[in-house]
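Participant: These protein sequence lines are chains A and B, in that order.
By the count of this note's numbering, the first sequence reaches residue 271 at its end, each step adding exactly one.
By the count of this note's numbering, the second sequence reaches residue 261 at its end, each step adding exactly one.
I should point out that these hints are in silico values taken from the structure, not numbers from a laboratory.
Just so you know, even glycine gets a beta-carbon here, dropped at the ideal spot from N, CA and C.
It cannot be assumed that every hint is accurate.
[To be verified] Here are some of the chain B residues that sit facing chain A, going by a computed Cβ distance under 8 Å: (1) Phe28; (2) Thr43; (3) Ile112; (4) Ile136; (5) Gly145; (6) Phe148; (7) Pro189; (8) Ala190; (9) Thr196; (10) Cys232; (11) Ser241.
[Said to hold, decoys possible] In the EDC-like style, the derived pairs of lysine to aspartate or glutamate whose C-alpha atoms are separated by at most 16 Å in a straight line are: (12) Lys46(A) with Asp167(B); (13) Lys42(A) with Glu243(B); (14) Lys54(A) with Glu93(A); (15) Lys182(A) with Asp132(B); (16) Lys56(A) with Asp132(B); (17) Lys46(A) with Glu85(A); (18) Lys126(B) with Asp89(A); (19) Lys54(A) with Glu92(A); (20) Lys269(A) with Glu175(B); (21) Lys134(B) with Asp115(A); (22) Lys185(A) with Asp201(B); (23) Lys54(A) with Asp96(A); (24) Lys54(A) with Asp132(B); (25) Lys126(B) with Glu53(A); (26) Lys9(A) with Glu85(A); (27) Lys185(A) with Glu92(A); (28) Lys5(A) with Asp89(A); (29) Lys56(A) with Asp125(B); (30) Lys247(A) with Asp201(B); (31) Lys182(A) with Asp244(B); (32) Lys56(A) with Asp10(A); (33) Lys56(A) with Asp115(A); (34) Lys42(A) with Asp10(A); (35) Lys181(A) with Asp244(B); (36) Lys181(A) with Glu243(B); (37) Lys42(A) with Asp52(A).
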Amino acid sequence: MSENKLTKKDVMGAWGRWQVYAEMGHSYERMMAVGVASSLGKCLRKLYADDDEKFKRSLQRHMTFFNTEGNWGGAVLGMALAMEEKMADCPEEEKDEAINGLKTSLMGPLAGIGDSIDWGTLKPIICGLGVSMGLTGNILGAVFCILFCLVILFIGNQCWWLGYSKGIVAMETIFGGPLFKKVVKSASLLGMYMMGVLSASYVALTTAVSIPTDSEALVLQEILDSIMPGLLPVGAVLLVYYILRNKTQKFGLVAVGTVILCLLLSLLKVV
Amino acid sequence: MEFVLAIVSGLLYFFGSAQIGYCFAEGFAWMPLVQAVVFGAITGQMTDAIIIGATISALYVSVVPAGNNTPADSCAAGAIAIPIALMSNMNVAAASALAVSVAIIGNLLQPIQYNVNGVYAHICDKHAARGDYKAIVRTCWMSLGSTFLIRFPIAFVTVYFGAGMVDKMMAAMPEWISNGLAVSGGVLPALGIAVTLTVIDKNQYIPLFLFGYFFVVVMNLSVLAASVLGICAVILYIVLSLEDQKELAAVVGVQDDDDDD
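Isolated chain A (complex conformation) (with noise of 0.2 Å):
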């Protein structure tokens, strides 16, 4: 079977494939799946290309539910390669066994690090310091969000890679090892950093109200200035972060909340 190896030219394909199919055809049903068999077809044709009853069992295979993250999560579509590979002469059942077996078991645990590490703490620092400089009006914003792209697509690259050559057991030490998990724990530490500083440019909110007195009114901004400044901002965050962590997750529901908020608090005239 030795001339049916996959080339790295072969997996990397398949991984180029997968970045444009991963979720095109998303359904509830499937989710992912009709991006992975579509991803995956032509390697899965390659390894079996003298066994046609293999190729039909290894696409239908394929075509179960599955859904991740699609850069860290390919790592699993890696692996999964290498087993069709290496298990190409084993019993279909006990192929279709093992390689469900470690789609299913791992594709939420490498979700779980996808969606924290690229969509929660990579876009929002590099998206949102070009948002920072968008916000002046300053075109070269965008740039950022062509350097988080790339960036994503390297670590996806890597990560389908990784699967492939390394396998399960490399993986295991990579995402089990010191340095991964300090580069996770560093990743929030900086997101939170992040997140206060991006709020100083992000978020402005001061109030209208001014009490009269006999000599001169007291305007309320600026005793709440002369304690500490943008106290009325980080408030206004550390509120809604309090609603939408304990109260309701709806995004949307919280954010037309606060605009029907504000209208009433400018009918107040407190803001």
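Using the hints provided, position chain B relative to the given structure of chain A.
Facilitator: Chain B only, in chain A's frame:
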């Protein structure tokens, strides 16, 4: 102009919703800041477009599409609100209030798209049973057809007919409403920030958030300068703690694991 912008709006919304190209769809088409470059180029109001796009992006920059339950449709928010705002010379605050309401459209349409796509999965099952992987790829592309029908018209119609309506509404608006919208434009980005805080999900790190915030507010550092400082501190933290760990391992003789979760 309305017609061209409406077409572009529909196409952008379709492209982003169909997620053709994983990273690029979510990093580009879902970012109102990038959409703004397209609309700015068409209308010639680049600076206005970028400011509006950035303001809307600030709302959604940290909303994570976890498990594909998009909590808010930033693609619709930008693709529909930016052209309307540009055509009717809306201020930035009113544009972001409009974006928030438009984003709800996406939450209604996504279930339709994902249910319809189930049909393609079943077609692919048949192709898989016949061992025809090229047909699976074709079916994957075919799914774009229904996605187009679900997403394009709503953006097109809203932009094409919406701008005129918004114009009239803005003219008839009492002062407290426009003031309230302006205030909400300043407050809404707090949501984007707060969502990221919930994603990071580490209450004990909140002091770092305050640190970053007052660093900029009190010391008037630029955002870029403050972030460079932060990145340096983090690198230092990783390097130092790994060195500590090595020394510890050398002394104790075992590789001790970091146990902070």
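Participant: Indicate, hint by hint, whether the structure satisfies it.
Facilitator: Going down the list of hints, with the structure as the test:
{"no.": "1", "hint": "Phe28", "in the structure": "6 Å, holds"}
{"no.": "2", "hint": "Thr43", "in the structure": "14 Å, violated"}
{"no.": "3", "hint": "Ile112", "in the structure": "11 Å, violated"}
{"no.": "4", "hint": "Ile136", "in the structure": "5 Å, holds"}
{"no.": "5", "hint": "Gly145", "in the structure": "11 Å, violated"}
{"no.": "6", "hint": "Phe148", "in the structure": "12 Å, violated"}
{"no.": "7", "hint": "Pro189", "in the structure": "4 Å, holds"}
{"no.": "8", "hint": "Ala190", "in the structure": "4 Å, holds"}
{"no.": "9", "hint": "Thr196", "in the structure": "5 Å, holds"}
{"no.": "10", "hint": "Cys232", "in the structure": "10 Å, violated"}
{"no.": "11", "hint": "Ser241", "in the structure": "6 Å, holds"}
{"no.": "12", "hint": "Lys46(A) with Asp167(B)", "in the structure": "60 Å, violated"}
{"no.": "13", "hint": "Lys42(A) with Glu243(B)", "in the structure": "46 Å, violated"}
{"no.": "14", "hint": "Lys54(A) with Glu93(A)", "in the structure": "11 Å, holds"}
{"no.": "15", "hint": "Lys182(A) with Asp132(B)", "in the structure": "45 Å, violated"}
{"no.": "16", "hint": "Lys56(A) with Asp132(B)", "in the structure": "8 Å, holds"}
{"no.": "17", "hint": "Lys46(A) with Glu85(A)", "in the structure": "10 Å, holds"}
{"no.": "18", "hint": "Lys126(B) with Asp89(A)", "in the structure": "25 Å, violated"}
{"no.": "19", "hint": "Lys54(A) with Glu92(A)", "in the structure": "8 Å, holds"}
{"no.": "20", "hint": "Lys269(A) with Glu175(B)", "in the structure": "11 Å, holds"}
{"no.": "21", "hint": "Lys134(B) with Asp115(A)", "in the structure": "31 Å, violated"}
{"no.": "22", "hint": "Lys185(A) with Asp201(B)", "in the structure": "11 Å, holds"}
{"no.": "23", "hint": "Lys54(A) with Asp96(A)", "in the structure": "11 Å, holds"}
{"no.": "24", "hint": "Lys54(A) with Asp132(B)", "in the structure": "13 Å, holds"}
{"no.": "25", "hint": "Lys126(B) with Glu53(A)", "in the structure": "14 Å, holds"}
{"no.": "26", "hint": "Lys9(A) with Glu85(A)", "in the structure": "15 Å, holds"}
{"no.": "27", "hint": "Lys185(A) with Glu92(A)", "in the structure": "41 Å, violated"}
{"no.": "28", "hint": "Lys5(A) with Asp89(A)", "in the structure": "13 Å, holds"}
{"no.": "29", "hint": "Lys56(A) with Asp125(B)", "in the structure": "10 Å, holds"}
{"no.": "30", "hint": "Lys247(A) with Asp201(B)", "in the structure": "15 Å, holds"}
{"no.": "31", "hint": "Lys182(A) with Asp244(B)", "in the structure": "12 Å, holds"}
{"no.": "32", "hint": "Lys56(A) with Asp10(A)", "in the structure": "19 Å, violated"}
{"no.": "33", "hint": "Lys56(A) with Asp115(A)", "in the structure": "33 Å, violated"}
{"no.": "34", "hint": "Lys42(A) with Asp10(A)", "in the structure": "8 Å, holds"}
{"no.": "35", "hint": "Lys181(A) with Asp244(B)", "in the structure": "15 Å, holds"}
{"no.": "36", "hint": "Lys181(A) with Glu243(B)", "in the structure": "14 Å, holds"}
{"no.": "37", "hint": "Lys42(A) with Asp52(A)", "in the structure": "13 Å, holds"}
Of the numbered hints listed earlier, those contradicted by the structure are 2, 3, 5, 6, 10, 12, 13, 15, 18, 21, 27, 32, 33.
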